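To convert, count from 1 in the sequence shown and add 7; that's the numbering used here.
Heads up, some of the hints might be wrong.
Claimed, not checked - Pairs of lysine-lysine residues, derived as DSBU-like cross-links and limited to a Cα-Cα distance of at most 30 Å, are as follows:
| id | residue 1 | residue 2 |
| --- | --- | --- |
| 1 | Lys87 | Lys65 |
| 2 | Lys170 | Lys20 |
| 3 | Lys55 | Lys65 |
| 4 | Lys20 | Lys77 |
Derived from the structure by calculation, the hints contain no laboratory data.
Fair warning: this is a prediction, and the values are worked out from it, not measured in the lab.
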Amino acid sequence: MSIPHVFRLDEVKALSDHVRIAILDMLSERPMSVQDIQEELRRRGINKSINAIRYHLKVLRDSGLIRLVKVEEVRGGVLKYYAPSKNVYLYEEPEDISELIQPLIEEVTPEVVNAIKKLVDRRRDELISVAKSLKPCPYCYTQHFIEHVILETFKGAVGKALKMEEVSNLLGELHKEAEEE
Numbered sequence: 008m009s010i011p012h013v014f015r016l017d018e019v020k021a022l023s024d025h026v027r028i029a030i031l032d033m034l035s036e037r038p039m040s041v042q043d044i045q046e047e048l049r050r051r052g053i054n055k056s057i058n059a060i061r062y063h064l065k066v067l068r069d070s071g072l073i074r075l076v077k078v079e080e081v082r083g084g085v086l087k088y089y090a091p092s093k094n095v096y097l098y099e100e101p102e103d104i105s106e107l108i109q110p111l112i113e114e115v116t117p118e119v120v121n122a123i124k125k126l127v128d129r130r131r132d133e134l135i136s137v138a139k140s141l142k143p144c145p146y147c148y149t150q151h152f153i154e155h156v157i158l159e160t161f162k163g164a165v166g167k168a169l170k171m172e173e174v175s176n177l178l179g180e181l182h183k184e185a186e187e188e
C-alpha cells in the first residue's frame with residue numbers, strides 16, 4: 008500500500024531543481040535574504056549569482072512554497088526576507104518505507120476514520136464548497152477533490168500540531184534518541 012503524497016503541479020515544477028530544493032531547505036531553518044541565501048549556497052558548494060537566486064525565489068514564491076515575511080530598509084535599498092509558506096519535508100525514503108510504517112498506519116487509521124467522519128458530519132457544506140473551488144488537473148481523468156480537501160486539512164492540522172510546544176518538545180526527545188543509536 009502506498010502513502011499518498013499530494014503536490015500541486017506548480018509545486019512539483021518548483022521542486023524539480025536542486026538549487027530550489029536547497030533554498031527551501033535553508034529557509035526551513037530561518038527567514039533569509041537573497042544575500043543570506045547566496046552565502047549559504049556557497050557554503051554548500053553551489054555558486055549562483057544574485058539574479059539566479061532571485062529567479063529561483065520567484066519560482067518558489069509563484070508556486071506558493073515560500074513567501075515574503077519581512078522587508079528591512081538598509082543603506083542603499085531594502086532587504087527582503089523569505090520563509091516557507093508551508094512545511095515541506097524533503098528526504099529520500101527507503102524503498103520499503105511503506106512496509107516500515109505500516110504498523111504505525113494501522114495504529115492510527117481507526118482514529119483518522121473517526122476524525123474524517125466527524126469532519127464530514129460537522130463541516131459537510133464547507134468541504135463541498137472548497138472542493139467545488141478546485142480546478143481540475145488537465146492531465147487527470149479522475150478528480151478526487153473532496154479527498155484532496157480532507158488531505159490538505161489533515162496536513163495543515165498535523166503541521167500546526169508539530170509546531171505546538173508540547174509536540175515539538177516530545178519530538179525533540181525522539182530526535183535525540185534517534186541520534187544516539
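**Report entry** Distance restraint between Lys170 and Lys20, which requires alpha-carbon spacing of 30 Å or less
**Finding:** 27 Å, holds
Report task. Measure nothing beyond the straight line between the CA atoms of Lys20 and Lys77; if it is 30 Å or shorter, mark the hint as holding. Result -> Given that 30 Å is the threshold and the Cα spacing comes to 26 Å, the pair holds.
**Report entry** Pairwise hint evaluation, Lys65 against Lys87, where the allowed Cα distance is 30 Å at most
**Finding:** With Cα atoms ~12 Å apart, Lys87 and Lys65 stay inside 30 Å; holds.
Requested in this report: Quickly compare the C-alpha distance for Lys55 and Lys65 to 30 Å and report which way the hint goes.
Outcome: Measuring from Cα to Cα gives roughly 15 Å; hence the hint holds.
When each numbered hint is compared with the structure, no violation occurs for any of them.
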